[in-house]
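Kindly produce the complete structure, drawing on both the sequences and the hints.
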Amino acid sequence: MENKTTTKVESICYHCGVQFDDNQITLDDHVFCCNGCSTVYELLKDNNLCTYYDLNDNAGISLKSKNFEGKFDYLSSSEISDKLLDFKSDTIQKVTLYIPGIHCSSCVWLLENFPKIKAGVFNSRLNFVKKTLSLTFDPSQTNLKELVELLATLGYEPFISYEDNNSGQQPTKTDNHLIRQIAVVGFCMGNIMLLSFPEYFNIQNSGDSKYQLFFLYLNFILAIPVYFYGGWDYLKGSLISLRTLVKKETTVLSIDLPIAIGITALFVRSLYETFANQSAGYWDSLAGLVFFLLVGKWVQKKTFEFLTFERTFKSYFPLAVFVKNKKAYHNIAELSEKDIILIKNEEIIPADGVISKGIAHIDYSFVTGESELTKLLPGDGVFAGGRQLGEAIEITVSKKVDNSYLTQLWNDAAFKKSKKEDDTKLSQGFIKYFTLITLGIALVTGIYWYNVNPSLIWPSVTAVLMVACPCALTLSMPFTMGTVMGILGKNKFFIRSQEVIQKLQEIDDVVFDKTGTLTSAKNSEVLFYSDNQDYNSEIFSLVSQSSHPLSKAVCTYFGGNATKLEVTDFQEFHGEGISGKCNNQYIKIGTADFCNTSKSLIRPKGKVYVAIDGFYQGCFEINTSKRKGAKGLLYSFKANYNIHLLSGDNDSDKMKFAGPFGDSMHFGQKPEEKLKFINTLNQEGKNVLMIGDGLNDAGALQKSQVGIVISEDTNRFSPACDAILDASVFDKLVDYLKFGKAAINIVKLSFLLSVVYNVIGIGWAVTGSLSPVLAAIFMPLSSISVVLFSVGITYLYAYHKNLLNTKSWT
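Residues 1 to 810, numbered by our numbering, are exactly what the sequence shown covers, in order.
The hints are simulated quantities; they were obtained by calculation from the structure and are not laboratory data.
Yeah, the Cβ is synthetic: ideal placement off N, Cα and C, and Gly gets one too.
Take these hints with a grain of salt, some might be off.
[Stated by the list, open to error] 25 Å max Cα-Cα, derived PhoX-like pairs, lysine-lysine:
(1) Lys118 x Lys71
(2) Lys599 x Lys522
(3) Lys400 x Lys338
(4) Lys324 x Lys297
(5) Lys522 x Lys326
[Stated by the list, open to error] Simulated DEER-style distance windows between Cβ atoms:
(6) Lys676 x Pro100: 50 to 60 Å
(7) Arg243 x Pro100: 43 to 53 Å
(8) Leu443 x Val756: 40 to 50 Å
(9) Glu79 x Lys628: 49 to 59 Å
(10) Lys631 x Val755: 43 to 53 Å
(11) Ser336 x Phe159: 20 to 30 Å
(12) Glu79 x Val246: 23 to 33 Å
(13) Glu79 x Phe159: 17 to 27 Å
(14) Val452 x Leu788: 32 to 42 Å
(15) His177 x Leu788: 20 to 30 Å
(16) Lys626 x Leu781: 47 to 57 Å
(17) Phe573 x Tyr529: 54 to 64 Å
(18) Val755 x Ser398: 51 to 61 Å
The following block contains the structure:
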């Protein structure tokens with residue numbers, strides 16, 4: 001640490017910008033109002049993060065008189081900190097903190113770089129809109145108390161409340177910055193216009209000339225806060241854009257740049273007119289322009305807040321879990337504390353709780369990215385997002401399902417497809433050059449009027465810069481796709497992100513899994529061929545550990561005619577079968593090869609074989625029924641795509657699906673063979689849609705361009721999938737895909753509408769007959785109108801296709 005010197009002069013703190021005349025601290029030719037601010041500067045300097053100050057001058061928050069000593073000691077208590085943590089293990093912990101002090105781009109930059117400041121922090125993710133910071137850290141190097149204290153020292157003290165953390169709701173803090181800007185600029189605009197009345201009515205009185213000159217200078221004084229305070233966001237955004245362009249960190253100019261140039265041109269020209277020619281200039285136009293820009297921004301903000309939907313967990317996942325104390329399946333969003341839930345092999349744990357029965361082997365890769373298993377015994381705590389691998393366990397819920405936690409996990413970058421999502425953004429190419437095109441048109445307009453009528457240079461150039469608006473292009477896509485996702489979610493089709501909707505329009509081949517996808521375990525006909533019925537309870541107990549459709553069919557077959565026994569050493573082998581110990585006997589249930597069944601004992605329609613202690617004990621024939629609407633759905637897909645069937649079962653159901661699939665059916669496929677098939681299609685340049693139940697399809701779902709998992713009364717799905725479809729609406733999948741295609745066309749139509757607006761608006765501005773003030777009014781109205789158009793047409797189309805007439809909307 002460098003030496004600090006203390007002097008007493010009036011200064012502005014380099015960190016927080018507070019003006020003070022108290023004892024100041026000098027460090028590296030910078031002055032600071034307190035030890036807190038100087039400490040933050042030293043932290044940033046030691047970690048090469050002083051770029052923080054390049055993003056915004058005086059970017060920090062004042063830390064004067066802050067004293068955190070002892071304030072956060074309560075976080076040392078494991079009983080308290082455990083309630084705040086999203087996840088906890090010996091090597092990794094996760095926490096989400098609400099930070100109301102986040103206010104600008106510097107805050108975003110600093111907090112995203114938090115791992116560089118604090119050793120032991122693996123990852124830092126900031127949600128600027130919600131003002132939440134998600135931290136992943138190593139508990140052997142740091143702890144929650146140290147992290148909170150450091151955040152408070154940096155000026156980002158978290159608001160910690162167990163009640164708010166537990167409910168998933170954070171306190172709100174109204175940002176009045178925009179309102180203050182509007183108030184200040186509105187006051188200045190009104191007075192500038194009042195003082196400009198003599199100019200408006202061309203009142204020339206030599207006796208009052210000194211007063212007119214006074215009013216002229218007063219207009220200049222009133223224009224200073226209009227330009228530097230009201231227009232500061234546009235000026236700052238353009239400066240940052242130019243700085244990043246010079247540093248070659250980007251090739252795209254900010255859309256704030258034309259607006260900043262426009263108001264700067266008016267300001268500079270008015271300065272010249274006022275002090276050189278002692279004429280009115282354009283102070284009233286400048287004030288009116290900035291005022292209507294700010295009002296337009298506020299109207300946009302409120303309109304978009306009204307349209308924006310929050311994708312809650314309840315509407316996102318149609319997953320259910322068996323609640324033992326209620327003896328029924330319930331939507332996971334309806335779980336309450338003290339509920340006892342049954343989690344079978346490979347099912348996702350939907351809520352934090354305590355293991356009440358069974359031995360858990362939890363795979364937390366969904367949470368941490370690491371696939372190491374954690375063994376837990378009754379009485380141990382377990383976190384939402386873990387996947388049980390082994391015997392069925394019972395968990396007593398200790399915390400209600402969070403409204404966004406598993407959604408956040410599902411959207412984690414670790415589960416994104418390798419294909420660049422930017423390739424699917426329709427507006428990317430146009431937006432990239434929009435600012436340059438606008439500046440070019442403004443330059444040509446200025447040159448033209450310079451030679452024809454110089455008095456129209458400033459109004460015409462400024463109007464061009466004001467009226468040009470790419471906002472509609474950038475907003476129509478997210479709002480249209482967001483609306484589509486909301487409508488589909490209400491219809492039980494849950495999509496990970498808007499890019500998935502776009503990728504669905506590029507599909508060439510569709511690959512279907514059979515069991516649990518095209519067929520349903522419900523109402524299946526089950527026949528059991530065995531000479532020994534003494535092991536019914538053991539077989540029933542073992543299959544009840546699994547959520548595979550065939551296991552569920554066998555489990556239903558025994559019903560209440562068998563006793564459930566304790567199972568140990570349970571294992572499930574994808575595409576082969578299950579095994580475990582029950583009543584001191586080793587049982588294997590699955591394919592004939594898995595159970596080492598003699599060829600003479602294999603039945604043509606046999607699907608599930610049983611071996612106990614190495615000896616064949618019987619065979620189940622399961623005549624699964626086609627899922628409702630599957631036939632019509634397959635022929636609809638066949639009319640538009642190449643379709644294929646992949647199944648891990650034998651070919652006993654071959655004739656059921658020969659019609660739509662023809663020769664493109666492959667049975668006895670292991671998970672690695674399914675993956676190989678998808679890779680082959682990819683190598684042929686095909687865009688593949690994989691539809692499965694998520695059991696043996698994780699690899700295939702990951703490698704396909706889009707993966708859809710069918711969900712049926714279970715909270716089991718693959719993190720690799722891009723969408724989840726409730727089994728009850730399986731027959732409507734083609735209609736949903738057509739809706740997505742229509743949404744793409746709506747976006748293209750809104751793009752066209754935006755282009756037409758810009759052509760008309762810029763054309764009008766070039767003539768010099770459009771005032772900059774009117775241009776400032778039209779710009780936000782264009783954004784709102786295009787967004788309302790795209791969202792409105794989307795709802796109208798959905799209504800026409802009966803996608804809004806569903807009980808889930810009530």
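>> Hint by hint, where does the structure go against what was stated? Just the numbers, ascending.
In response: Hints 2, 4, 7, 8, 12 and 17 are the ones this structure does not satisfy, whereas the remaining hints hold.
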